[in-house]
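I would like the entire structure built from these sequences, with the hints used as guidance.
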Amino acid sequence: NAGVTQTPKFRILKIGQSMTLQCTQDMNHNYMYWYRQDPGMGLKLIYYSVGAGITDKGEVPNGYNVSRSTTEDFPLRLELAAPSQTSVYFCASASAPDRSKQYFGPGTRLTVL
Amino acid sequence: KQEVTQIPAALSVPEGENLVLNCSFTDSAIYNLQWFRQDPGKGLTSLLLIQSSQREQTSGRLNASLDKSSGRSTLYIAASQPGDSATYLCAVVPSGTYKYIFGTGTRLKVLA
Numbered sequence: 001n002a003g004v005t006q007t008p009k010f011r012i013l014k015i016g017q018s019m020t021l022q023c024t025q026d027m028n029h030n031y032m033y034w035y036r037q038d039p040g041m042g043l044k045l046i047y048y049s050v051g052a053g054i055t056d057k058g059e060v061p062n063g064y065n066v067s068r069s070t071t072e073d074f075p076l077r078l079e080l081a082a083p084s085q086t087s088v089y090f091c092a093s094a095s096a097p098d099r100s101k102q103y104f105g106p107g108t109r110l111t112v113l
Numbered sequence: 001k002q003e004v005t006q007i008p009a010a011l012s013v014p015e016g017e018n019l020v021l022n023c024s025f026t027d028s029a030i031y032n033l034q035w036f037r038q039d040p041g042k043g044l045t046s047l048l049l050i051q052s053s054q055r056e057q058t059s060g061r062l063n064a065s066l067d068k069s070s071g072r073s074t075l076y077i078a079a080s081q082p083g084d085s086a087t088y089l090c091a092v093v094p095s096g097t098y099k100y101i102f103g104t105g106t107r108l109k110v111l112a
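Here the protein sequences come in this chain order: V and D.
So the first sequence is numbered by my numbering: it starts at 1 and just counts up by one.
So the second sequence is numbered by my numbering: it starts at 1 and just counts up by one.
Incorrect hints may appear among the rest.
As the list claims (entries may be wrong) - In the DSS-like style, the derived pairs of lysine-lysine whose C-alpha atoms are separated by at most 27 Å in a straight line are:
(1) K101/V to K9/V
(2) K99/D to K14/V
(3) K9/V to K99/D
(4) K1/D to K101/V
(5) K14/V to K68/D
(6) K9/V to K68/D
(7) K14/V to K109/D
(8) K57/V to K109/D
(9) K44/V to K1/D
(10) K42/D to K44/V
(11) K99/D to K42/D
(12) K57/V to K99/D
(13) K14/V to K42/D
(14) K44/V to K9/V
(15) K14/V to K57/V
(16) K1/D to K14/V
(17) K44/V to K57/V
(18) K99/D to K68/D
(19) K1/D to K9/V
(20) K101/V to K14/V
(21) K1/D to K68/D
(22) K57/V to K101/V
Calculated from the structure, these hints are not laboratory results.
All values derive from a computational prediction rather than experimental measurement.
Written out as structure tokens, the structure is:
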């Protein structure tokens, strides 16, 4: 049981490039989340999903897109990378019966130069 | 709008001390509050979850309390050890949602 996995662990992008951060969970959780954590700050919610085919915006969605075609996967897409998107990105998941308890992946550290 | 604040931002203590980390939130309408530990370069590990109907939770040397009416939670760490060095984050889930609102964390260093 791997829990929540994220790839890649590290990435450096140039301004204007695009990339997809991958997130997979093997716990059959309905709820999935993407957060970003800036240095010295707490986590802020980017997007979340309550099930396959259903997504919604969080606090800081601008510059990102998501999709949820399967229960297991919740990729986060950056279309035109900007320096302001330099951050650590965390994916999390939760089950429907206990959606208040989220399980976090190890994070992806992204730098945009 | 719910806001979560953690004080102090950083704390250094000698090994063996008992210590208290504070978390305050502006709206008492919460579903629960959770304390996390984050090691450098790592993800978050859940320490304690307190439901809105509960006053405290304990796990080993950790005790978390919740006072909804005053918008406060404390995390008490007994007999601190160097291995407790990490950043501690609290997060609330506002009522009617399933979204965490995180505080900015307290960076703890326990000196041997």
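Hints and how they fare:
1. Between K101/V and K9/V, the direct Cα distance comes to roughly 24 Å. Compliance with the 27 Å bound is thereby established for this hinted pair.
2. Under the criterion of a C-alpha separation no larger than 27 Å, the hint pairing K99/D with K14/V is inconsistent with the structure, at around 31 Å.
3. Taking the CA atoms of K9/V and K99/D, the gap is near 24 Å; set against the 27 Å cutoff, the hint holds.
4. Taking the CA atoms of K1/D and K101/V, the gap is near 22 Å; set against the 27 Å cutoff, the hint holds.
5. Simply put, K14/V and K68/D have alpha-carbon atoms about 46 Å apart, too far for the 27 Å limit, and the pair is violated.
6. For the given pair, K9/V sits about 38 Å from K68/D by alpha-carbon distance, which is inconsistent with the 27 Å threshold.
7. For the suggested pair K14/V and K109/D, the alpha carbons sit about 35 Å apart, so the restraint of at most 27 Å is broken.
8. The suggested pairing of K57/V with K109/D is violated, with an alpha-carbon distance near 36 Å, which exceeds 27 Å.
9. With a C-alpha separation of about 14 Å, the suggested pairing of K44/V with K1/D holds against the 27 Å cut-off.
10. At roughly 16 Å between alpha-carbon atoms, K42/D and K44/V fall within 27 Å of each other, so this suggested pair holds.
11. In summary, the hint linking K99/D to K42/D is supported, as the alpha carbons are separated by about 21 Å, within the 27 Å threshold.
12. As the CA atoms of K57/V and K99/D are separated by approximately 11 Å, the hinted pair is consistent with the 27 Å bound.
13. Simply put, K14/V and K42/D have alpha-carbon atoms about 24 Å apart, close enough for the 27 Å limit, and the pair holds.
14. In summary, the hint linking K44/V to K9/V is supported, as the alpha carbons are separated by about 19 Å, within the 27 Å threshold.
15. For a cut-off of 27 Å, the pair hint linking K14/V to K57/V stands: about 25 Å separates their Cα positions.
16. For the suggested pair K1/D and K14/V, the alpha carbons sit about 35 Å apart, so the restraint of at most 27 Å is broken.
17. Between K44/V and K57/V the alpha-carbon distance is near 11 Å, which keeps this suggested pair within the 27 Å criterion.
18. At roughly 18 Å between alpha-carbon atoms, K99/D and K68/D fall within 27 Å of each other, so this suggested pair holds.
19. With a CA separation close to 33 Å, the supplied pair K1/D and K9/V exceeds the 27 Å bound.
20. Distance hint between K101/V and K14/V is unfulfilled; the C-alpha atoms sit about 36 Å from each other, more than 27 Å.
21. For the given pair, K1/D sits about 16 Å from K68/D by alpha-carbon distance, which is consistent with the 27 Å threshold.
22. Simply put, K57/V and K101/V have alpha-carbon atoms about 20 Å apart, close enough for the 27 Å limit, and the pair holds.
In terms of the numbered hints stated before, the structure departs from hints 2, 5, 6, 7, 8, 16, 19, 20, listed from lowest to highest.
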